[in-house]
Amino acid sequence: MTGVIEDIRKDYAGTLSGYLIEADEEARLHAHELGRKALTGGIGVLDIVTLHHEALASLGEAGSLPLARAAEFLAESLTPFEMTLRGYREANDELSTANASLEQAKAATEAANRELEAFSYSVAHDLRAPLRSIDGFSLALLEDCADVLDETGKQHLRFVREAAQDMAALIDGLLSLSRVTRSELRREAVDLGELARNVFAQLRRASPGRTVETVIADDLLAEGDVRLLRGLLENLLGNAWKFTGRRATARIEIGVTQAGGERAYFVRDDGAGFEMAYAAKLFGAFQRLHSATEFEGTGIGLATALRIVHRHGGRVWAESEVGRGATFFFTLWSAGHGA
Amino acid sequence: MELNADPFREKRILLVEDNPKDEALTLRALQKHNLQAAVVVTRDGVEALDYLLPAGSDAVQPLPQLVLLDLKLPKVDGLEVLRRLRDHERTRLLPIVILTSSVEERDILEGYRLGINSYVRKPVDFAEFADAVRYLGLYWLILNTAPPVS
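Protein chains in written order, with our numbering: chain P, 1 to 339; chain V, 340 to 489.
Think of the hints as simulated: they come from the structure by calculation, not from any bench.
Careful, some of the hints might be misleading.
Stated by the list, open to error - With beta-carbon atoms standing in for the labels, derived distance ranges:
id	chain 1	residue 1	chain 2	residue 2	range
1	V	Val415	P	Asn92	47 to 57 angstroms
2	V	Arg452	P	Asp191	25 to 35 angstroms
3	V	Arg452	P	Glu115	17 to 27 angstroms
4	V	Asn456	P	Phe295	37 to 47 angstroms
5	V	Val415	P	Asp144	31 to 41 angstroms
6	P	Met276	V	Ser457	46 to 56 angstroms
7	P	Asn198	V	Leu482	27 to 37 angstroms
8	P	Arg114	V	Leu392	27 to 37 angstroms
9	P	Asp191	V	Leu482	44 to 54 angstroms
10	V	Tyr451	P	Gly87	51 to 61 angstroms
11	P	Arg186	V	Leu392	36 to 46 angstroms
12	V	Asn456	P	Cys145	51 to 61 angstroms
As the list claims (entries may be wrong) - Listed next, the in silico DSS-like pairs over lysine-lysine satisfying Cα-Cα at most 25 angstroms (straight line):
id	chain 1	residue 1	chain 2	residue 2
13	V	Lys350	V	Lys371
14	V	Lys371	V	Lys360
15	V	Lys360	P	Lys154
16	V	Lys360	V	Lys414
17	P	Lys242	P	Lys281
18	P	Lys154	V	Lys371
Beta carbons are placed, not taken as given, at the ideal position from N, Cα and C, and that holds for glycine.
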């Protein structure tokens, strides 16, 4: 930097003395060039003013010099600084504007989230109450008026009750789906093996008659939100449990493998499976690949699973063959998949 | 306010429920197990507070054995009723069970924070609902020992 300032000092004094004799365009352009050189060389405005002052002092008595012209020269050498400053200011203004619209967008998102929260809350409370009445009074009819109802009438009332309960299951599914989006994501060490053991135990308690061999790999440590990941395993293992329900004995395995160079967890079963042609539909809300008489369900479970994996910056996919089971894979925190 | 209570029965449940159909279903469930005679119903938060914390000293009802409290209530909602009951000497220890449709985490947390004794979600299936009400009645009226009234 000392080298640069020395070069500029000499050059400046020489060009300035020429300019004071004759104010030609070339000298003026050179002043500008010197300013630009100073700016890129890390030399400040005060240094320029100082060397301008020194140059003037070396040129003679102040009274004998055309000071207005000297000032013109100095101003020209300072324009690169001025222009850069203006550039910063404009960039800064743009940044402020961008920040303001970001703030606005954030406020709008928060408002939308609050609205969703209120909506879900209302659904939880208000949509279930009428269903309870439909179910309860249908049962009251079945109990109190059994002798005036024929078998068809009773069957109709049983269908009414079933429909009410199906809708309640749908509402619960939708609520848990929306809860995945609403809840704050925590990132901590999670043992998926431990979670799987709990979920399997829960499934066994719910259907003690089943014979299911469950296999849990050793190294299933992961990072994420333990409650959401538990929800994910409840959905995937619960599906495996459900779709092996027609088999005398079944096998469900949870493990980890490599896929596309990253760690992919998988849940494999030897159940009913599905046609790969419909694999794309699998993760859509309300999409079902089996009729309710084959396997019951709301079609929300895998949509919830997908959302949980997405919130963990991962991917989820499935492979299957009809009658030969299905394998669901998921990754967490994949490169290029933000939360 | 409607008194379904048998004055000769010592033990009673206060049901705070604004939905008349849910009220009918709850009473039906209790009736099945011969518990209906002991039920007093209030239909909003203000009624419930008036019953439990009457302004004057006359006509003070003995406290019920149990309050079954819904959360979504007209005028004063369930959590606010709970807050006021817990703030008051007379009802600070009164057994209160929230019986509601919601399993929203914040309702459950806030309920326990305010000192509920239990949180029960109303099942849609009436058979399950009746079971839940029966267990609650049996547990709180027969098995449980209430705090002594000072």
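Here's how the hints hold up against the structure:
1. Val415/V / Asn92/P: 47 to 57 angstroms: 52 angstroms, holds
2. Arg452/V / Asp191/P: 25 to 35 angstroms: 30 angstroms, holds
3. Arg452/V / Glu115/P: 17 to 27 angstroms: At 25 angstroms between Cβs, range holds.
4. Asn456/V / Phe295/P: 37 to 47 angstroms: The hinted range 37 to 47 angstroms holds for Asn456/V and Phe295/P, with Cβ atoms some 40 angstroms apart.
5. Val415/V / Asp144/P: 31 to 41 angstroms: At 35 angstroms between Cβs, range holds.
6. Met276/P / Ser457/V: 46 to 56 angstroms: 49 angstroms, holds
7. Asn198/P / Leu482/V: 27 to 37 angstroms: 30 angstroms, holds
8. Arg114/P / Leu392/V: 27 to 37 angstroms: Roughly 33 angstroms apart at Cβ, these two residues keep to the hinted range, so it holds.
9. Asp191/P / Leu482/V: 44 to 54 angstroms: 39 angstroms, violated
10. Tyr451/V / Gly87/P: 51 to 61 angstroms: This hint holds: roughly 59 angstroms between Cβ atoms.
11. Arg186/P / Leu392/V: 36 to 46 angstroms: Since the Cβ atoms of Arg186/P and Leu392/V sit about 41 angstroms apart, the hinted range of 36 to 46 angstroms holds.
12. Asn456/V / Cys145/P: 51 to 61 angstroms: 38 angstroms, violated
13. Lys350/V / Lys371/V: Between Lys350/V and Lys371/V the Cα gap is close to 17 angstroms, so the pair holds against 25 angstroms.
14. Lys371/V / Lys360/V: 17 angstroms, holds
15. Lys360/V / Lys154/P: Distance of about 22 angstroms is within 25 angstroms: holds.
16. Lys360/V / Lys414/V: Distance of about 19 angstroms is within 25 angstroms: holds.
17. Lys242/P / Lys281/P: 19 angstroms, holds
18. Lys154/P / Lys371/V: Holds, at about 21 angstroms.
In this structure, the hints that do not hold are numbers 9, 12, in rising order.
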